[in-house]
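Q: One-letter residues, chain by chain:
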Amino acid sequence: MNGMVVLLLFGILALCVLGVLLMGADAYGTLTQRDQAGFERRTTAQYIAARLHHADQSGAILVRDFSGESALVLKEDIGGMMYETIVYCYDGYLCELFVPEDGGFEPEDGTQLMELKGLTFRMEEDVFTADITHVDGSTQSLTLVLRSEGGQGYEE
Amino acid sequence: MRKKERFWGILIIPAAVIVMLCFLAALSNLDQGRQEEGKYQLEKALRNASMACYAAEGIFPPSLEYLEKNYGIPVDHEMYTVIYEAIGSNLMPDITVLEKNE
Chain A
1 MNGMVVLLLF
11 GILALCVLGV
21 LLMGADAYGT
31 LTQRDQAGFE
41 RRTTAQYIAA
51 RLHHADQSGA
61 ILVRDFSGES
71 ALVLKEDIGG
81 MMYETIVYCY
91 DGYLCELFVP
101 EDGGFEPEDG
111 TQLMELKGLT
121 FRMEEDVFTA
131 DITHVDGSTQ
141 SLTLVLRSEG
151 GQGYEE
Chain B
1 MRKKERFWGI
11 LIIPAAVIVM
21 LCFLAALSNL
31 DQGRQEEGKY
41 QLEKALRNAS
51 MACYAAEGIF
61 PPSLEYLEKN
71 YGIPVDHEMY
81 TVIYEAIGSN
91 LMPDITVLEK
101 NE
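So the protein sequences, as listed, match chains A and B. Quick note: the first sequence uses the working numbering, first residue 1, plus one each step. Quick note: the second sequence uses the working numbering, first residue 1, plus one each step.
The set of hints was computed from the structure by calculation and includes no laboratory data. One thing to keep in mind: the hints can contain errors.
[Claimed, not checked] Negatives, chain B to chain A, calculated, CB over 12 Å: (1) K39; (2) V75; (3) T96; (4) V97.
[What the hints assert, rightly or not] If the Cβ cut is set under 8 Å, some of the chain A residues that face chain B in the computed set are: (5) L9; (6) F10; (7) I12; (8) L18; (9) L21; (10) Q46; (11) Y47; (12) T111.
[What the hints assert, rightly or not] Facing chain A, from chain B, some residues (calculated, C-beta under 8 Å): (13) A16; (14) L30; (15) A56.
Computed from a predicted model, the values in this text were never measured in an experiment. Idealized CB from N, CA, C, for every residue including glycine.
Can you make the complete structure from the sequences, with help from the hints?
A: Below you can see the structure in the form of structure tokens.
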């Protein structure tokens, strides 16, 4: 009888130890998810802002439709030839495509950078706005004023 | 009564062994899960740091050492082998993490 009591106590102790381990694992999972969500919010906005600042020259920034997706287009002249960096959201990812102007590429040709649910761009004169929808459903709005004159705005 | 006591006395040993085995199996399962998770988390941290580098600097990191030095990603080289292939400064590098005893 005493042996059974000892065994029962050991069983309860083992269950408690496992319970604590499982609770710790669950807390760790929640923390990493929260950390990842914070990283996605910061990095998406930082990426778009950095791209804009780098390309901020007269007429180099415009917003247009890219095969049904709202896209930010950054033009640059390399060796006499015009190239475009197209930033858009496609198939649940923030994508980037670097191609010659009028290259005839499709959204699936871009490089997937990070997970994103939605992304739309607007430009009114020199005010650029990006509306970002993250994977967890939260939304974020980034507004920048371009320093260069005559932002091209929206191109049909 | 004696027979009953003897019966319980004999039963306690296999019962104790079964409880101990279940406990050790659960611990082993947790440990294996921890190792898998460690590998996954390291790979995710490297990808996140690559993306952070691209967002901040406009280029993807040229090497693993660049990531370790400038973005503070601690890689346990004794436990993991990291295969880092930089394809181009504007393309996401190919990152694979392998455990050293695999």
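Q: Check each numbered hint against the structure and report the violated ones by number, ascending.
A: 5, 7
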